[in-house]
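> In case you want the letters, here they are:
There are 2 protein chains.
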Amino acid sequence: MTREQLFEQIKAKRSFLCVGLDTDFLKIPPCIHAQYSGDEAIFEFNRAIIDATSPYAVAYKPNLAFYEAYASSGIHALHETCKYISSRYPDIFLIADAKRGDIGNTSDLYAKAFLDINSMVFDAVTLAPYMGRDTVEPFLKYKDKWAVILALTSNPSADDFETLPLANGKQLWQQVLETAKGWGCEPHGQSAGSTNEDRVMFVVGATRAETLAEVRRIVPDHFLLVPGVGAQGGSLAEVAKHGMNSTCGLLVNSSRGIIYASDGPDFAVAAAAEARKLRDQMADLLDKYL
Amino acid sequence: MTREQLFEQIKAKRSFLCVGLDTDFLKIPPCIHAQYSGDEAIFEFNRAIIDATSPYAVAYKPNLAFYEAYASSGIHALHETCKYISSRYPDIFLIADAKRGDIGNTSDLYAKAFLDINSMVFDAVTLAPYMGRDTVEPFLKYKDKWAVILALTSNPSADDFETLPLANGKQLWQQVLETAKGWGCEPHGQSAGSTNEDRVMFVVGATRAETLAEVRRIVPDHFLLVPGVGAQGGSLAEVAKHGMNSTCGLLVNSSRGIIYASDGPDFAVAAAAEARKLRDQMADLLDKYL
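Residue numbers (numbering that gives the first Met the number 0), protein chains in the order written: chain A, 0 to 289; chain B, 0 to 289.
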């Protein structure tokens, strides 16, 4: 998906909501377990959540760990979920929250696993920057696909390394932004003509909304994937105030607050209500800042 | 597996060789493809390689990307491979080269996926340190299991971030070692009594053998996982000279040089010959330095 297509969808839905499909088998409501078992239960739960929330969401973000924990059965459910979204809701932006980070032919294979037309059809994959450019480049070779690079996260131990002061006066996460925004897309390949901003996003935690102004100083035009609204307690208004740019530039994720809003037979209705609440706030913020 | 058990095996086999199971479906020899298809071909290739090389290797390291690229079928082959190794060769140390790096309940689930007795039975998982301690702690809760943390890798873009000079005069990778060696194991849990050295290893690339002396200054007693001997061109003698400690402290990996030594019907014999060559060098180095 191109940046223009993503922005069009944001304007059409008045939303920059990403729903995190952190589907924990043990938290799937009893009414699903009563009808389905194994990977079918995971898929049917996802399908109900997606159908209910898709009017309010522009992106879905399955978290790979939740599927890998159920081995080949979980991976099968993930594939079915991706197929369902891309065929039924082709305008939705689909992010693999995988936080992969390897190099060379290994990184090529991760890119193939998530982006290749013959495997899963994600639009984007989250990546860890530790090993540098070699981790990210294979993902930039795929036409209209995105690398979503960890910059500043909101977990307590983000200060172990991400905020370390460097000799040049920057903190590590600032240097990650500075360096990664210079990584080129293929000059002659499938993605000829696209810029870094068309192919790279950054993860910035919402509990650090005040630092979003500094993020925007370094990467004014990039999209940011912002987790941490909802269960992790970030403020949507603060994120929009400091982080929104002229093409919105934000995808704000909520996972548990939406998908586990109820564990009764009304779980999908409850999920839709939570997603709609966020969408309504987002619509107001888009009116205010865009 | 405990550190003592690993060292016992190194002494018994006179080897610190780890064989990387980077099993590329397209490089599996025609004689395997003629008999097996899909995940069976991957598993049967691995089984032949393992049976042939196990006299010379103390560890195997499947690289997750190679299995994920074939979706649920690849994951099934990986499970079968793990089951085969742990039942047939229970003394072998089994590393998931997954380079995962997430936090909270996501990290818990990755640990469950790789270490839990009901899923895959790896002894260790490679992890990226970018998000800090939160990434690693869930893995330290499992009794006699290991976190293998990226420190200094040998890829060209390792200099993007890993070697950045910090304000405190260290480079980032040195700080990763300094910080991560202080991460504790559960004081009261399953792993009570084990130290950081009993549960944490570090990845240090072999093409930077001269820096191994500096690594040893910071972490004299830890095991190091050293990729890059073979296809990536590191020198085994240099690695041993600078990196070996009183319990060996090294697992040196070779992947393609062993598993793709031949693509003929003799592929397993050729793999054994390459593994044996490395084992013979390792036996000499253990005699020399230990």
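The hints are simulated quantities; they were obtained by calculation from the structure and are not laboratory data.
Predicted model, so just to flag it, every value in this text is computed and none were measured.
Heads up, a few of these hints could be off.
Unchecked claim - Heads up, simulated DMTMM-like pairs for lysine to aspartate or glutamate below, C-alpha to C-alpha not over 25 Å straight-line:
1. B:K140 <-> A:D158
2. A:K140 <-> A:E3
3. B:K26 <-> A:D197
4. A:K140 <-> A:E177
5. B:K111 <-> A:D262
6. B:K180 <-> B:D158
7. B:K111 <-> A:E39
8. B:K111 <-> A:E79
9. A:K180 <-> B:D23
10. B:K26 <-> A:D158
11. A:K140 <-> B:D158
12. A:K140 <-> B:D262
13. B:K26 <-> A:D262
14. A:K10 <-> A:D262
15. B:K287 <-> B:E196
16. B:K10 <-> B:D158
17. A:K111 <-> A:E237
18. A:K111 <-> B:D220
19. A:K26 <-> B:E136
20. A:K111 <-> B:E237
21. A:K82 <-> A:D133
> The structure should be examined with respect to each hint, and the outcome stated for every one.
Quick rundown of the hints versus the structure:
Restraint check for K140 (chain B) and D158 (chain A): satisfied, since their Cα atoms lie roughly 22 Å apart, inside the 25 Å limit. A hinted pair counts as satisfied when its Cα atoms are at most 25 Å apart, and K140 (chain A) with E3 (chain A) qualifies at roughly 19 Å. This hinted pair does not check out: K26 (chain B) and D197 (chain A) have alpha carbons roughly 35 Å apart, beyond 25 Å. As the CA atoms of K140 (chain A) and E177 (chain A) are separated by approximately 21 Å, the hinted pair is consistent with the 25 Å bound.
For the suggested pair K111 (chain B) and D262 (chain A), the alpha carbons sit about 24 Å apart, so the restraint of at most 25 Å is met. Restraint check for K180 (chain B) and D158 (chain B): satisfied, since their Cα atoms lie roughly 22 Å apart, inside the 25 Å limit. Distance check on the hinted pair: K111 (chain B) and E39 (chain A) sit about 21 Å apart at the alpha-carbon level, within 25 Å; holds. Between K111 (chain B) and E79 (chain A) the CA atoms are separated by roughly 23 Å; this keeps the pair inside 25 Å, and the hint holds.
In summary, the hint linking K180 (chain A) to D23 (chain B) is not supported, as the alpha carbons are separated by about 32 Å, beyond the 25 Å threshold. Of the pairs offered as hints, the one joining K26 (chain B) and D158 (chain A) is violated, with about 43 Å between alpha carbons and a cut-off of 25 Å exceeded. With a C-alpha separation of about 22 Å, the suggested pairing of K140 (chain A) with D158 (chain B) holds against the 25 Å cut-off. Taking the CA atoms of K140 (chain A) and D262 (chain B), the gap is about 30 Å. The hint is violated against a cut of 25 Å.
Our distance criterion of 25 Å between C-alpha atoms is broken by K26 (chain B) and D262 (chain A), whose separation comes to about 47 Å. At roughly 32 Å between alpha-carbon atoms, K10 (chain A) and D262 (chain A) are farther apart than 25 Å, so this suggested pair is violated. A hinted pair counts as satisfied when its Cα atoms are at most 25 Å apart, and K287 (chain B) with E196 (chain B) qualifies at roughly 24 Å. Taking the CA atoms of K10 (chain B) and D158 (chain B), the gap is near 36 Å; set against the 25 Å cutoff, the hint is violated.
Distance check on the hinted pair: K111 (chain A) and E237 (chain A) sit about 37 Å apart at the alpha-carbon level, beyond 25 Å; violated. Taking the CA atoms of K111 (chain A) and D220 (chain B), the gap is about 38 Å. The hint is violated against a cut of 25 Å. Simply put, K26 (chain A) and E136 (chain B) have alpha-carbon atoms about 23 Å apart, close enough for the 25 Å limit, and the pair holds. Of the supplied pair hints, the one linking K111 (chain A) and E237 (chain B) is violated, its CA atoms being roughly 36 Å apart against a limit of 25 Å.
Of the supplied pair hints, the one linking K82 (chain A) and D133 (chain A) is violated, its CA atoms being roughly 29 Å apart against a limit of 25 Å.
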